[in-house]
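Protein chains in written order, with the working numbering: chain U, 1 to 501; chain L, 1 to 368.
If you are wondering where the hints come from, they were derived from the structure by calculation, not from laboratory data. Every residue gets a Cβ at the ideal spot worked out from N, C-alpha and C, and that includes glycine. Certain hints may be false.
[As the list claims (entries may be wrong)] Straight line, CA to CA, 27 Å or less: simulated BS3-like cross-link-like pairs of lysine-lysine:
(1) U/K212 to L/K318
(2) U/K164 to L/K101
(3) L/K31 to L/K101
[As the list claims (entries may be wrong)] Simulated restraints, written as ranges between beta carbons of each label pair:
(4) L/K231 to U/F332: 42 to 52 Å
(5) U/R160 to L/K231: 19 to 29 Å
(6) U/S22 to L/S331: 48 to 58 Å
(7) L/S331 to U/A135: 41 to 51 Å
(8) L/S331 to U/M185: 52 to 62 Å
(9) U/K234 to L/K231: 52 to 62 Å
(10) L/L228 to U/N196: 27 to 37 Å
(11) U/N196 to L/E319: 21 to 31 Å
(12) U/R479 to L/G251: 39 to 49 Å
(13) L/K231 to U/N196: 36 to 46 Å
(14) U/N196 to L/G251: 34 to 44 Å
(15) L/L228 to U/E119: 23 to 33 Å
(16) L/L228 to U/L347: 47 to 57 Å
(17) U/P431 to L/E60: 40 to 50 Å
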Amino acid sequence: MRYQQARWADDERLEPLVFELSKAKRTGYTLPPKAPSESNIPNKLIRTELELPELSEPEVVRHYTRLSQMNYGIDSGFYPLGSCTMKYNPKICEELAALETASCIHPYQDENTVQGALELMYKLEQYLAEIAGVARVCLHPSAGAHGEFLGMLLTRAYHRSRGKERNEVIVPDSAHGTNFASAAMAGFDVVVAPSNSRGRVDLEALRKAVSKRTAALMLTNPNTLGLFEDEILKIAETVHKVGGLLYYDGANLNGILGKTRPGDMGFDIVHFNLHKTFSTPHGGGGPGAGPIGVTKKLEKFLPVPTVEYDKKRKRYYLDYRRPQSVGKIKSFYGNFGVLVKAYAYILLMGASGLQEATEAAVLNANYIMRKLRDVDGFEIKFDMSGPCKHEVVFSAEPMNKNYGVKAHFVAKRLLDYGIHAPTYYFPPIVPEALMIEPTETETKEELDRFIEAMREIAEEAKSHPDKLLAAPTATAIGRLDEAKASREPILSWKMYRKMAK
Amino acid sequence: MKKLGLIVNPIAGLGGRVGLKGTDGIDVIKKALDFGAAPSSPARAIEALCVIKRLGLEFELVTYPAEMGADEAREGGLKARTIGNIISGKTTAEDTKRAAKEMLVENVDLILVAGGDGTMADAIEAIDMSVPILGVPTGVKMHSAVFANTPEAAGEVAVRFLRDGLPLREAEVMDIDEDAYRQNRLSAKLKGFAKVPYEPTMVQATKEGSTGYELADQKAIARWIFELMEKGRTYILGPGTTTRAVAEELGIYDSTLLGVDIIRDYKMVAKDVNEKQILQAIEGKPATIIVSPIGRQGFVLGRGNQQISPKVVKKVGKENILVIATLQKLSSTPTLKVDTGDAKLDEVFRGYIKVITGYHQSRMVKVI
Numbered sequence: 001m002r003y004q005q006a007r008w009a010d011d012e013r014l015e016p017l018v019f020e021l022s023k024a025k026r027t028g029y030t031l032p033p034k035a036p037s038e039s040n041i042p043n044k045l046i047r048t049e050l051e052l053p054e055l056s057e058p059e060v061v062r063h064y065t066r067l068s069q070m071n072y073g074i075d076s077g078f079y080p081l082g083s084c085t086m087k088y089n090p091k092i093c094e095e096l097a098a099l100e101t102a103s104c105i106h107p108y109q110d111e112n113t114v115q116g117a118l119e120l121m122y123k124l125e126q127y128l129a130e131i132a133g134v135a136r137v138c139l140h141p142s143a144g145a146h147g148e149f150l151g152m153l154l155t156r157a158y159h160r161s162r163g164k165e166r167n168e169v170i171v172p173d174s175a176h177g178t179n180f181a182s183a184a185m186a187g188f189d190v191v192v193a194p195s196n197s198r199g200r201v202d203l204e205a206l207r208k209a210v211s212k213r214t215a216a217l218m219l220t221n222p223n224t225l226g227l228f229e230d231e232i233l234k235i236a237e238t239v240h241k242v243g244g245l246l247y248y249d250g251a252n253l254n255g256i257l258g259k260t261r262p263g264d265m266g267f268d269i270v271h272f273n274l275h276k277t278f279s280t281p282h283g284g285g286g287p288g289a290g291p292i293g294v295t296k297k298l299e300k301f302l303p304v305p306t307v308e309y310d311k312k313r314k315r316y317y318l319d320y321r322r323p324q325s326v327g328k329i330k331s332f333y334g335n336f337g338v339l340v341k342a343y344a345y346i347l348l349m350g351a352s353g354l355q356e357a358t359e360a361a362v363l364n365a366n367y368i369m370r371k372l373r374d375v376d377g378f379e380i381k382f383d384m385s386g387p388c389k390h391e392v393v394f395s396a397e398p399m400n401k402n403y404g405v406k407a408h409f410v411a412k413r414l415l416d417y418g419i420h421a422p423t424y425y426f427p428p429i430v431p432e433a434l435m436i437e438p439t440e441t442e443t444k445e446e447l448d449r450f451i452e453a454m455r456e457i458a459e460e461a462k463s464h465p466d467k468l469l470a471a472p473t474a475t476a477i478g479r480l481d482e483a484k485a486s487r488e489p490i491l492s493w494k495m496y497r498k499m500a501k
Numbered sequence: 001m002k003k004l005g006l007i008v009n010p011i012a013g014l015g016g017r018v019g020l021k022g023t024d025g026i027d028v029i030k031k032a033l034d035f036g037a038a039p040s041s042p043a044r045a046i047e048a049l050c051v052i053k054r055l056g057l058e059f060e061l062v063t064y065p066a067e068m069g070a071d072e073a074r075e076g077g078l079k080a081r082t083i084g085n086i087i088s089g090k091t092t093a094e095d096t097k098r099a100a101k102e103m104l105v106e107n108v109d110l111i112l113v114a115g116g117d118g119t120m121a122d123a124i125e126a127i128d129m130s131v132p133i134l135g136v137p138t139g140v141k142m143h144s145a146v147f148a149n150t151p152e153a154a155g156e157v158a159v160r161f162l163r164d165g166l167p168l169r170e171a172e173v174m175d176i177d178e179d180a181y182r183q184n185r186l187s188a189k190l191k192g193f194a195k196v197p198y199e200p201t202m203v204q205a206t207k208e209g210s211t212g213y214e215l216a217d218q219k220a221i222a223r224w225i226f227e228l229m230e231k232g233r234t235y236i237l238g239p240g241t242t243t244r245a246v247a248e249e250l251g252i253y254d255s256t257l258l259g260v261d262i263i264r265d266y267k268m269v270a271k272d273v274n275e276k277q278i279l280q281a282i283e284g285k286p287a288t289i290i291v292s293p294i295g296r297q298g299f300v301l302g303r304g305n306q307q308i309s310p311k312v313v314k315k316v317g318k319e320n321i322l323v324i325a326t327l328q329k330l331s332s333t334p335t336l337k338v339d340t341g342d343a344k345l346d347e348v349f350r351g352y353i354k355v356i357t358g359y360h361q362s363r364m365v366k367v368i
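With the sequences and hints as input, model every part of the structure.
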């Protein structure tokens, strides 16, 4: 199958901005009549011009349809973005979240009028606690890193309650960048522990790193190389022995869901990314949800309010009376729409469905690993004698050394095949890294298409490296200045106009 | 039977212990001896020979008389055939050059040279890659990539080369201008090349200076060190640009780039000190050593900072040593090394140590 992305453009520019399409008086809306309360607004505060774009309804629809055609998402095709778990988001979950009873309620409503919403949160907490093997879950964090930060706040509260100030958090060198940042933001010193030649935590280094100063170890399991930390029990023992806590980063939970539980491995604080593992959509900045689960001894520190159930009165309520709580970490109770989708997903899959999904995710990653590991140009840096979990990290170092083709050229060339780029140059411990996570969503035919694309690219690196260096050419936009958008952000029509002047 | 040549520069390393930056020239030797320095080169050469003896290889040892090899061989329990002539107690660079030339005529398979950069530069003048050479580190500065990491490693590499054959690689022989070095300018000169048995874990790579983009990280490290500093505690600040950043964070702009300074209560209290002065400064007081590894080579102690002697280290205590290095430096220096001259003390450092790499950031790094 050949891929050619739509390109709506004239010679100079892509599809114009909606403001540029605007024609005066061509309105596609009707405003409601003036409400009586509006007559109280002083005249000087009333704007006569809103400067909204003026278009007819079909114009608006076409504009956004065109933009969507020049976009790419999991609904367009394969999206093997490593450690991001870009699995398909079932449409039924979207429909449920869009129900009026879910989308049109307000957090200030009286508890008696939102019993269903409270019940949903209460039950979702319980499901997640069971899945992770922890005592209690807090749904408040609105993103993965927000959850990490809460995990660190809980860590500090725990040690303080025992009359101990502990100032160090240990993070493996293969960890997600947010781990280092979350620990530092919560005021901890970050100690980086190296990986061993098997791509796992080096126990010898960890043993030297732990001390009475150790507040916690932050660990992802399976780790960022897609490898299971098979010495996890020894790791847990090492950290617990000095009184430290074990924090679980849930980025890779999709590799073990329903098979083993972080709580059973010895983790005290467990983090989830509902927008990865539990199939709520993500990308483009959210909204996400990063719940945190804890063992019994940490329960009393969880943020307020918690959702409780009064058995006598048979009603759910919000509980703020928690004296040892770290306090509030969000205005309300979490990104509710995301919680609805995750809840729906869990019910949709059931326990056996979640297990099956994990099996398929791991099988798919191993299939890709086996098919590509011997392709000239790619190699696997760490011990791969056993299977990987849900993702596999290739190094394009041989390709770079022999043919001068770097990992990011491979990523760009994949776009021409209608495949989203994998995560590249991460984790930093693998040179020329290409991190591939197929998820359970994909069929064998789709995986074969990807494998074939990777093979062709490896071949091209030898025969026509020039072609590779020009990629992508089948997309709406070719090579971008990758840093420009960060250095000169234009985030609104107002900014754009200002820049144009 | 294989032939091993041995040349010992008996006065190498004399300057290091007393804070001089090398041992070139009669004046420096005299000054070093006045400061109370005892020659350590012969003892370290013997350490290498003991390993060779222990590994039980059959070979012929060819060496120069008295303290230039024959004495050390006897002490190490090895039989040696002595060639050449020297005036014992008054050896010079000329003796090293002559010895190397005569070893060449003897057709040896490998020459072990115990000394520093200067000794090595003298030796290769005559050899010029015609015979493999391996340095036993006994000098002050060892910038050349021809030295084994420790005397013991030199012995082991020598035996493995003679017995099993190791690949040879070309390595730079550097010498630094000692006069400039004493005035804080690091001006290394390429003296030539040598063929060296290649064993990456045991033979050191060349020194790599800090580059421009590391400055931000150095500042971050310096800031944290500043926050960690306690009043009343004595800080022994080792050489290098990373440690210099610490001094600058304190507002000290005349720290010694290639020497050791003493800081107390955020002020420099003694500049470019030797071992004796350090010991005096820390007598009975809490102290912390702040050092940065030499780029690429990874030596934390025992290269370029011999003033921070085993005695000093023991007095301060291992727990009071702060090792600082930017991530850029660590990326080209994946493992660290310690060679204080006290094998037992070196052993204490083996395994993982914490290296400060940024503001409130550190990393576990292996000392091998």
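Status of the hints after comparison with the structure:
Under the criterion of a C-alpha separation no larger than 27 Å, the hint pairing U/K212 with L/K318 is consistent with the structure, at around 17 Å. A threshold of 27 Å between alpha carbons decides the hint, and for U/K164 with L/K101 the separation of about 67 Å lies outside it, so the pair is violated. Taking the CA atoms of L/K31 and L/K101, the gap is about 30 Å. The hint is violated against a cut of 27 Å. Against the hinted window of 42 to 52 Å, the Cβ-Cβ separation of L/K231 and U/F332 comes to about 48 Å, which satisfies the hint.
In this structure, U/R160 and L/K231 meet the distance hint of 19 to 29 Å, their C-beta atoms being roughly 27 Å apart. Taking 48 to 58 Å as the suggested C-beta distance range, the pair U/S22 and L/S331 conforms, at roughly 53 Å. Restraint check, L/S331 to U/A135: a C-beta distance of roughly 42 Å satisfies the suggested window 41 to 51 Å. Remark: the range hint 52 to 62 Å for L/S331 to U/M185 is contradicted by a beta-carbon distance near 25 Å.
Checked against the hint of 52 to 62 Å, the pair U/K234 and L/K231 fails, with Cβ atoms roughly 42 Å apart. Our hint of 27 to 37 Å for L/L228 and U/N196 holds, since their Cβ atoms are close to 30 Å apart. At roughly 25 Å, the beta-carbon separation of U/N196 and L/E319 lies within the given 21 to 31 Å, and the hint holds. For the pair U/R479 and L/G251, the beta carbons lie near 48 Å from each other, so the given range of 39 to 49 Å is met.
In this structure the hint that L/K231 and U/N196 lie 36 to 46 Å apart at CB holds, the actual value being about 41 Å. Take U/N196 and L/G251: their Cβ atoms lie about 43 Å apart, and the range 34 to 44 Å holds. Under the hint 23 to 33 Å, the C-beta atoms of L/L228 and U/E119, about 52 Å apart, miss the expected range. The hint said 47 to 57 Å for the Cβ distance between L/L228 and U/L347, and at roughly 53 Å that hint holds.
Distance hint check for U/P431 and L/E60: the Cβ-Cβ separation is about 46 Å, which falls inside the suggested range of 40 to 50 Å.
Hint violations for this structure: numbers 2, 3, 8, 9 and 15, all remaining hints satisfied.
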